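Student: Residue numbers (my numbering): 1 to 434.
Hints were generated in silico from the structure; no laboratory data involved. Here the structure is a predicted model, which means the values were calculated and not measured. We put the CB at the ideal spot given by N, CA and C, even for glycine. Keep in mind that a hint or two might mislead.
Listed next, the in silico EDC-like pairs over lysine to aspartate or glutamate satisfying Cα-Cα at most 16 Å (straight line) [stated by the list, open to error]:
id : residue 1 : residue 2
1  : Lys2      : Glu63
2  : Lys234    : Glu200
3  : Lys139    : Asp382
4  : Lys234    : Glu289
5  : Lys234    : Glu198
6  : Lys234    : Glu261
7  : Lys428    : Asp414
8  : Lys2      : Glu35
9  : Lys56     : Glu35
10 : Lys4      : Glu53
Just the calculated beta-carbon pair ranges, DEER-fashion [what the hints assert, rightly or not]:
id : residue 1 : residue 2 : range
11 : Ala386    : Gly133    : 14 to 24 Å
12 : Asn245    : Pro288    : 24 to 34 Å
13 : Pro288    : Lys421    : 50 to 60 Å
14 : Gly216    : Glu269    : 22 to 32 Å
15 : Asp424    : Lys4      : 49 to 59 Å
16 : Ser402    : Glu179    : 33 to 43 Å
17 : Arg62     : Glu40     : 10 to 20 Å
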Amino acid sequence: MKIKDLRVHSIAMADPPLRSSYGLHQPYALRTILEIESEEGVVGIAETYGGAEPAKALLAIRERLLGNSPLRALGLSRELLREDASGIARSQTTLVPGENPLDADARTYAALETACLDLAAKTWQVPLSDLLGGRVREKASFSAYPFYKHAGGGGEGKDSRKDEYGEALCPTSLAEQAERMVGEYGFREIKLKAGVLEPEAEIETIRELRRRFGPGVPLRIDPNCAWSVDTSVKVGLALAEELSNGGYLEDPTSGLEGMSEVRKRLLAEGVDTPLASNVSVTSFGDLPEAVGLDAVQVVLCDHHYWGGFRQVQHLAKICETFGLGLSMHSNNHLGVSMMAMAQVAVATPHLTYASDTHYPWQTERDEVVAGGRVPIVGGVIDPGHAPGLGVELDPDRLAEASELYRSIPYRKRDDEAEMRKYVDPDWKRTLPRW
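Whole structure, please, built from the sequences with the hints as guidance.
Tutor: Structure representation (structure tokens):
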């Protein structure tokens, strides 16, 4: 089981005009597909962030891996997991996930680990979750992830896609979007991407979701640090009931000190809503301060930038030790990442919150896995018991996605530029905005 080849494919997929505090999504999202092939012809695969730099980083380690077993290859690349920085510099406060150079090595290792473990599991004819300690649950739960959005389904020109959800720039239209998403996929928990409208309108959006779905559906809200401490406290108090029973308030303000102050002031008012983060806590070095300040009660992991599956499981054990909850973050992704997320979710005991997923925002037309999109039924994914990740690449679809990448001008994510192009020529991301 020695590696004989490593192949990297830069691909693109249509992306609707979704809004967040970072700005506006471009008409295409970029991804990178990694293939690692053994001398026996078995191919392990992975999906990670897109653009020129991730592809270059993976190709840079190619020669050191050739001739080694996939497990030995991981050992030879362990230095990629070193943490040279933590805190605000490494956080996602100002940079969108996948664009911070300080976690680039961890992202490279995560893709390598995914492909190597997929290769090993396929060779041994076991599901990848078996290599992570075995399953503790049969299915992985995911949350609906409604966004405020402009009209449009993604893509450009003749490649424009059907707008499945329509414009959603007010509480009513956002709630209608969520109803459609829940109706199609059966999600049993909902997370609102916020930080777009005035806080009062986003409070009303959560209340509208509660009216439509009832108290049995946990609600979460994530403004990506768009609010000041005062505004965060105001929203937390206003939504104390709506965010209870499995909900949380995610990254309302920037920095662990700011999060800690929000937590203290809410507790002083008798509100124990958990604060969650994937912005202020993005590495192991952030955890001592986060715990010491009681700034975060739920951490959102992501194998793509934490350094892979095993790093997520290390994080889970630390969170369990210190009484922190664990959920999972998401970016735009296709079926390879979807199955990777499901495999680690079913093998990680402490990952008890339903994970985020952008998967409903992507379409069958852009999927690169054989057999089409990974089914989400009743809000869960059953990864099955096929070897490895449980999916293979469709070579024709992969070639089409690669050709699409070559045909478009986008080479990195830039939500601010997209806002200036289509919404406000003077727009700039400022924190806090409210």
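Student: Now look at each hint and say whether the structure bears it out.
Tutor: Consistency of the hints with the structure:
no., hint, in the structure
1, Lys2 x Glu63, "13 Å, holds"
2, Lys234 x Glu200, "10 Å, holds"
3, Lys139 x Asp382, "5 Å, holds"
4, Lys234 x Glu289, "25 Å, violated"
5, Lys234 x Glu198, "13 Å, holds"
6, Lys234 x Glu261, "13 Å, holds"
7, Lys428 x Asp414, "12 Å, holds"
8, Lys2 x Glu35, "14 Å, holds"
9, Lys56 x Glu35, "14 Å, holds"
10, Lys4 x Glu53, "23 Å, violated"
11, Ala386 x Gly133: 14 to 24 Å, "19 Å, holds"
12, Asn245 x Pro288: 24 to 34 Å, "30 Å, holds"
13, Pro288 x Lys421: 50 to 60 Å, "41 Å, violated"
14, Gly216 x Glu269: 22 to 32 Å, "26 Å, holds"
15, Asp424 x Lys4: 49 to 59 Å, "52 Å, holds"
16, Ser402 x Glu179: 33 to 43 Å, "36 Å, holds"
17, Arg62 x Glu40: 10 to 20 Å, "19 Å, holds"
Hint check: violations occur at hints 4, 10 and 13; the rest are consistent with the structure.
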